[in-house]
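Spelled out from the first residue to the last, the chains are:
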Amino acid sequence: MATELGPTPVKSPASGGTPVHHGPKGVGEDNKILSQGKWASWLLAPTVIALAMVIVYPIISAIVMSFQKDAGLDPVTGLFTAGGPAGVQNYVNWIAQQCAAPGGGTVACPPGTLGAQFWSATATTFLFTVITVTFETILGFWMAMIMARTFKGRSLVRAAVLVPWAIPTAVTAQLWLFIFAFEGIANNLFNASILWTGSEWPAKWAVIIADTWKTTPFMALLILAGLQMIPAEVYEAAKVDGATAWQRFRLITLPLVKPALMVAVLFRTLDALRMFDLPYILTGGANNTTTLSILVINQIRQGFNAAAALSTITFIIIFIVAFIFVRFLGANVVEQSGATGKGKK
Amino acid sequence: MKSPKFLLPAAAAGVLALTLSACGGGGGTTGGGGGGDAEQGLDGRGPITYVQGKDNSNVVRPLVEKWNAAHPNEKVTFKEQTDQADQQHDDLVQNYQAKNANYDVASVDVVWTAEFAAKGWLQPLKDKMAVDTAGMLAPTVEAGSYKGTLYAAPVSSDGGILYYRKDLVPTAPTTWAEMMEMCSIAKANNIGCYSGQYKQYEGLTVNASEAINSFGGSVLDKDGKPSLNTPEAKEGLENLVKAFADGNIPKEAITYQEEESRRAFQDGNLLFHRNWPYVYNLATTEGSSKVKDVLGMTALPGKDGPGASSLGGHSAAISVYSKNKATAHDFVKFLVEEEQQKFFATQGSLAPVLGDLYEDKELVAKLPYLPVLKTSIENAVPRPVTPFYPAVTQAIQENSYAALKGEKSVEQALSDMQKSIETAGAGS
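One line per chain: the protein sequences are L and H, in this order. Note that numbering that gives the first Met the number 0 has the first sequence beginning at 0, numbered continuously upward. Note that numbering that gives the first Met the number 0 has the second sequence beginning at 0, numbered continuously upward.
Treat the hints as calculated values from the structure; they're not laboratory data. Beta carbons: idealized from backbone N, C-alpha and C, even for Gly. Please note that the accuracy of each hint is not assured.
[What the hints assert, rightly or not] What the simulated footprint calls covered on chain H by chain L, stretch by stretch (three residues with Cβ under 8 Å from a Cβ of chain L suffice, anywhere in the stretch; the number is not a length):
hint, segment
1, 197–209
2, 252–261
3, 384–394
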């Protein structure tokens with residue numbers, strides 16, 4: 000990514016700018032390009048170093064840690080002792096749901112340990128992702144269609160739609176916690192007595208509803224941006240040809256908005272896969288609403304190295320999902336214009 | 000034209016230099032702390048830092064000012080953390096791990112003491128560093144100790160209190176069975192009978208341990224090994240499960256944290272309510288409170304007498320990386336002196352650790368719950384003292400939650416707890 004992006008902004012002003020000043024001298028031009036290239040790499044260096052410090056170093060450090068054992072307790076002194084190298088044991092433990100056994104070796108993790116939650120947390124994370132992204136896409140599309148029309152107070156609607164997105168997630172979660180309390184608004188409104196955060200499916204729906212409420216505006220705005228790229232003439236031509244509203248939507252809007260839509264879905268999916276605040280505050284991870292991120296945070300308090308292994312696993316899972324999106328589903332985050340051209344050929 | 004071009008990289012380099020120097024500063028401190036042997040700092044005197052969570056009721060600042068006025072060469076700087084316990088814990092862990100010499104004295108929650116001590120981060124308070132614990136309530140000292148050595152001096156304490164409706168309950172119950180019998184009163188008045196906190200979070204560990212300890216069981220034995228497969232533990236946890244099953248604890252209590260349960264009690268929807276002392280002030284002063292004039296308080300009910308409350312509170316611990324341990328030691332002793340303890344109680348409503356203060360007339364007049372709280376703390380059992388506390392509390396929460404909801408038998412829940420705690424202790 001960096002190599003492709005890097006040279007482009009640097010070269011174009013150079014080749015475009017040089018003839019004006021140094022047109023007559025061919026040799027000077029070459030030198031200029033060379034020195035500008037050097038100059039550019041100096042300019043880029045701070046960014047590259049900063050990125051290396053804040054992104055590359057922590058990732059590598061986490062991966063190194065994940066191959067270390069967590070500190071064990073010396074039974075005589077009662078003090079922790081360094082764990083030493085663990086090989087891939089941390090990874091095996093998570094995936095096979097194995098925990099350390101009292102006499103040495105491992106046993107299947109009993110309920111009540113974090114190790115016993117790996118696969119259920121993975122399933123929960125994907126369940127939340129699929130359902131919330133589906134809802135958010137459908138509702139977001141609908142909201143975007145409304146916002147794309149010209150009507151009185153359109154800017155007001157656009158601003159109002161943004162409100163849920165602007166509220167910090169932790170605050171949103173606290174609001175919904177009040178709404179879903181036993182004597183809260185949700186139960187009062189429907190005259191029900193559901194224990195929203197106290198049983199499995201209501202708890203899951205509570206998280207899904209809150210997340211949909213919060214992030215649909217984000218989808219709506221991204222899709223709206225895509226909708227506004229479609230020239231009005233296309234619709235006019237279709238109308239002249241006698242296309243119905245449904246045909247116009249299916250044959251013009253959908254294909255033309257697809258690149259923007261796929262990027263929006265990709266962003267939301269990656270975001271949803273690392274969902275943390277909402278379930279953490281709403282349910283504390285009870286009733287099978289523990290996501291992978293919650294599991295990582297809980298594990299950090301019990302042992303850094305096992306937590307590093309789990310976060311690496313999470314990283315790989317998210318990476319695979321992103322890869323599938325970009326490679327097979329045609330979500331193009333980087334070279335939008337180039338790729339659409341290719342797609343049309 | 001050229002000057003802005005030069006400015007940009009200069010600015011970028013400047014930002015980078017700042018970032019780097021910030022990192023370098025941290026690194027330097029680490030090196031210095033690591034180099035100083037623990038023994039070396041014992042006589043060190045000089046400025047120190049006191050680290051504690053958010054000082055909501057403005058107790059720490061006046062005390063620090065008072066200390067600083069008397070010790071101009073050994074000034075204390077107060078470093079305030081957030082008001083979230085989890086964040087305070089993680090902040091302390093990060094700084095201890097970095098061997099930060101500036102975290103001289105820290106306020107440590109009773110449940111963290113064992114973990115920090117086992118990591119070797121806390122200066123044992125013995126020999127030269129000893130703190131006099133003679134006048135302190137025994138459970139608070141126990142909670143500050145690990146393997147028989149005091150690592151953190153108790154500063155404030157906390158215990159559970161049973162609140163009840165004086166207008167409906169003729170005499171306060173002393174045992175669990177008595178309280179359950181009185182639930183007929185609640186039924187006659189069409190309100191819920193009893194509630195503590197049963198959402199799956201730290202509060203559930205508090206309530207489940209209380210149920211188990213009150214009937215003679217215990218989560219961990221003296222050696223720190225789990226001891227949950229006992230008839231006593233079973234009887235204790237079964238009491239809660241039964242109360243949920245027959246409706247003596249209303250079903251919505253499974254979603255209650257402290258505040259939800261307090262509101263239910265204050266709105267007049269509960270006959271009995273287990274909570275911390277902070278409820279007293281709110282329930283007697285808040286305008287919306289329906290129990291203002293009929294609020295009764297007593298010790299938690301147990302098997303044949305007062306039950307075993309879980310212990311809350313904070314202790315002051317000295318970091319092994321501190322360079323001025325003599326000053327730190329003096330400051331810790333200052334915090335537990337009677338005068339300061341009194342100030343904690345009057346200004347911050349923090350329960351003192353000195354037994355005598357619970358009979359102090361002036362204090363009792365201000366905080367009428369003190370006598371009840373003393374019984375509560377005297378009978379209290381610290382939550383499991385173990386360096387694996389996060390794993391232990393996870394095991395208790397998840398399994399007792401399943402049992403309360405009827406998804407698991409009590410035996411199964413206790414045996415799963417036992418096994419989970421065993422694997423945590425097995426280390427890796």
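Okay, the hints, checked on the actual structure:
Check on the segment 197–209 of chain H: 3 of its residues sit with their Cβ under 8 Å from a Cβ of chain L, so the three-residue criterion for coverage holds. For the segment 252–261 of chain H, the proposed coverage by chain L is satisfied: 3 residues have a C-beta within less than 8 Å of a C-beta in that chain, meeting the threshold of three. By the rule of at least three residues with a Cβ nearer than 8 Å to a Cβ of chain L, the coverage given for the segment 384–394 of chain H holds, with 6 such residues.
The structure is consistent with each of the numbered hints, conforming to all of them.
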